[in-house]
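Residue numbers (full-length UniProt numbering), protein chains in the order written: chain R, 1 to 80; chain D, 1 to 326.
Hints in this document: simulated from the structure, not taken from any laboratory. The structure presented is a predicted model; accordingly, all values stated were derived computationally and were not measured. The reader is advised that the hints may include incorrect statements.
Using 25 Å as the maximum straight-line C-alpha spacing, the simulated SDA-like pairs for lysine to any residue come out as follows [unchecked claim]:
1) K311(D) to Q63(R)
2) K306(D) to L57(R)
3) K296(D) to N58(R)
4) K313(D) to D18(R)
5) K312(D) to L37(R)
6) K130(D) to Q260(D)
7) K313(D) to K130(D)
8) K118(D) to K75(R)
9) K132(D) to D33(R)
10) K311(D) to N58(R)
Each chain is listed here by its residues.
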Amino acid sequence: MKDQIKTFISEITFIEKDTIADDTLLFEEGIFDSMGLLSLITFLDEELGVKTEDSDLNEENFQSINSIVAFLERKKSLVN
Amino acid sequence: MSEQKFTKEIIRLSDTQNTIDSIVAKLKEDVIKVLRRRGGVVGISGGIDSSVTLALAVKAFGAKNVLGVMLPEKDSSDDSKALALKLADKFGVRVVEENISGALEGFGCYQRRDEAVKRVIPEYNPQTDKMKIGIPVEFLNSNMPPVFYVTVIFADGTEKSERLPMNEYLQIVAASNFKQRSRMSMLYYHAEALHYAVIGTPNKHEVQQGFFVKYGDGGADVMPIGNLFKTQVYELARELGVPQEIIDRTPTTDTYTAEQTQEEFFYQMPFETMDLLWYGWENGFSPEEVAMGIEKDEQEISRIFKNFERKKKTTDYLRMPPIHNY
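Turn these sequences into a full structure, and let the hints steer you where they fit.
Structure representation (structure tokens):
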């Protein structure tokens, strides 16, 4: 899952996959803006089956690859 | 730490008349000598920015060399025309009205926008309901990039808001931008027919934060208030004698069918506060200095400064001319 997310971010930002660390701050480093975030939300919904609710939209869930993975795991555990 | 103390008065113009004189002198020099045009065309909406711009143009070129163009379309506010006419009358300029609704219908502006809204809120009926898009204020208090929501106000007064997915957000914005770009085309028609320049109306916040449409309201030959904070635009308005109703009017976007202030749509804070914070950020004041000067929370100011930095960076594209040095 982590690799899938990293590949997706790399594809939409045109940034080499290897240069995005698991704890890189995606917003602070300027890798992701509003469009990146919206693309990611669509990707999580369509490819990974995870819907992002309005209340999920916070830094804790989206600021890095690690945060996104943790968010997805929490969401999936709620469903199961 | 900066040497100057940060206070609420820091952005007040020390000599408003002097500021007017210096803008007018440069405007005249730029249009007549640099651009070699013999007057100016200003799109007037009855708002404060276009009113001050028109008044400055009149001072620079004389009323007989300025044309005011009203550019309403079917979503425009009814007040705009009356105020724009009052302004033109006050400054003695010729005024023409060009309704751009037909052009927008031709471009499919309304249809493309409404299609996207309906994909998110299927109950939306463009014939009877009103719509707007905006950023919830919560985003100001986080380091997250903002996302837009669409709100439909149904005929019975009830409202429904939904977060916009990327494709729908982009389609609504792209379709709505036909409005500013059609206005720009019409302004250039009149400017070219008279051998005038197009005098743009964006203020400093609009330019710096990217609150304009590239080749729309951002398409102009000169922008005389492009370096003025909104507070300063109001100071000039009073000095120039802009009608009081225009000064008292709340700045709106006048873009979507539902009424919406600029604060609600984009800035997320009153312009007085925005001016001070942007000034502080731009001039290297620390969040601590600004917090002391305007009695706000330092952490909140740090977050807002980060948002400014991001906004400036993500909107660089809008301010860039075509890249041609290949």
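Hints, verified against the model:
1. Annotation: proposed proximity of K311(D) to Q63(R) holds, straight-line Cα distance about 17 Å (limit 25 Å).
2. Distance check on the hinted pair: K306(D) and L57(R) sit about 18 Å apart at the alpha-carbon level, within 25 Å; holds.
3. For the hint linking K296(D) to N58(R), the alpha-carbon distance of about 23 Å falls within 25 Å, and the restraint holds.
4. Straight-line distance between C-alpha atoms of K313(D) and D18(R) comes to about 24 Å, which keeps the hinted pair within the 25 Å bound.
5. With a CA separation close to 18 Å, the supplied pair K312(D) and L37(R) stays within the 25 Å bound.
6. Our distance criterion of 25 Å between C-alpha atoms is met by K130(D) and Q260(D), whose separation comes to about 11 Å.
7. For the proposed pair K313(D) and K130(D), the alpha carbon gap of about 33 Å is over 25 Å, so the pair is violated.
8. Under the criterion of a C-alpha separation no larger than 25 Å, the hint pairing K118(D) with K75(R) is inconsistent with the structure, at around 29 Å.
9. With a C-alpha separation of about 22 Å, the suggested pair K132(D) and D33(R) falls inside the 25 Å cut-off, and the hint holds.
10. Note on K311(D) and N58(R): the hinted pairing holds, with a Cα-Cα distance of about 18 Å set against a maximum of 25 Å.
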